[in-house]
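**Student:** Spelled out from the first residue to the last, the chains are:
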Amino acid sequence: MAFAHAIVIGTGGVANFCANELQKRGVSVSFIESRPDGVGTSEAICRRKGIPYECLGKESLTARLLAIEDDTLVVSASNRYLFPEQVLAKPNLLVVNYHGALLPKHPGRNAEAWAIFSQDAEGGITWHRVVADVDAGDILIQKSVPITDKTTSFTLLREYAKLAQSGFAEIVDGLLSETQPSFVQQGERHAIMYSWMKPNDGTLDLSWSVDKMSAFLRAMDYGPLGTMGFPVVTLDEGTFKIVKYGFDTNSSNASSGWVKPLTEYHIRHEGVVIDLEVKKID
Amino acid sequence: MEKLLEILKGIRPDVDFENETSLVDDGILDSFDVVSIISELDDAFGVQIRIDELDPENFNSAASIMALIEKLKK
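Here the protein sequences come in this chain order: Y and D.
According to the numbering used here, the first sequence is numbered sequentially starting from 7.
According to the numbering used here, the second sequence is numbered sequentially starting from 548.
Chain Y extracted, bound-state conformation (with noise of 0.2 Å):
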């Protein structure tokens, strides 16, 4: 075994899945949280494993990851720490990331929403290699999933979750032994979509086609995370936020309007009717 230590970096069910698999392998491992999720479950899971668990601030994970001597593999999952050129440029520190696209499609943040929204036929997750550029690394291993018509952002969440463990599981011997395989990303790489972005500013475009709007009310859905708030729509009387949404391809209304004033409002376009619950911005 090349890695007899490894850390892992990051927060939430995937994070906690790789320290697991590492410590069933007799590695020494511990477990950095940058971000805490809020919910917990990492440092709940480390005490009852007996993982040494911190929270660590941008600047005291840099000095802790360049005070590294022995060689490390670093696990990066769920994790918004960017990980400076001088840590990466460390021989004795291996580390790759869990991103939730199939890379090069998508980096950056909030990729599940890009994949959903641009339409894709199928999302993904890509483990790969970290470089110093956003998401650009060698590629270990990808998984893939269908995007249907019901996916949202949330439930494509919860489906890489299972992918990437799936994924790690796959190439955690290999990457401990150095003998995981990987290859150059291939094709178009996309532009870096950073936090703040959301499709179409969050705004609904009334005179999308029904699949655009459904695809856009879909990658903004996060469920309760909320990670982008609710989408907004701009009416005769002013600007709404969508509070719920839904499709009705069996309606018999026959034309777009209002169903309850200024809180319930339904668009009938090529055949189908969109519900939308709404809130009047102030």
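The hints are simulated quantities; they were obtained by calculation from the structure and are not laboratory data.
Possibly wrong hints are sitting among the right ones.
Simulated pairs of lysine-lysine, BS3-like, Cα-Cα distance not exceeding 27 Å [to be verified]:
no., chain 1, residue 1, chain 2, residue 2
1, D, 556, Y, 250
2, Y, 286, D, 550
3, Y, 250, Y, 156
4, Y, 156, D, 556
All values derive from a computational prediction rather than experimental measurement.
Knowing the structure of chain Y, use the given hints to seat chain D on it.
**Tutor:** Same frame as chain Y, now just chain D:
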């Protein structure tokens, strides 16, 4: 408790909520599950739990979730 178990089963039908007592500590529930439960508890019981204030130990069993609901309703 019946209503709570129905909600929990709706989110994770594969989990034995009647008997499990380490749902978070053993990684049976992940953070997606916990936020989904929080959202459903708000809708069903009118209790609001701030994610940045929650203690995962309150989600280790159906009984501990029920105790949390009762505490927040007071």
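**Student:** Each hint should be assessed against the structure and marked as holding or not.
**Tutor:** Structure-based check of all given hints:
Annotation: proposed proximity of residue 556 of chain D to residue 250 of chain Y holds, straight-line Cα distance about 23 Å (limit 27 Å). Restraint check: the Cα-Cα separation between residue 286 of chain Y and residue 550 of chain D comes to about 33 Å, which exceeds 27 Å; the hinted pair is violated. Proximity of residue 250 of chain Y to residue 156 of chain Y is assessed by CA-CA distance (about 14 Å); at most 27 Å being required, the pair is judged to hold. Proximity of residue 156 of chain Y to residue 556 of chain D is assessed by CA-CA distance (about 21 Å); at most 27 Å being required, the pair is judged to hold.
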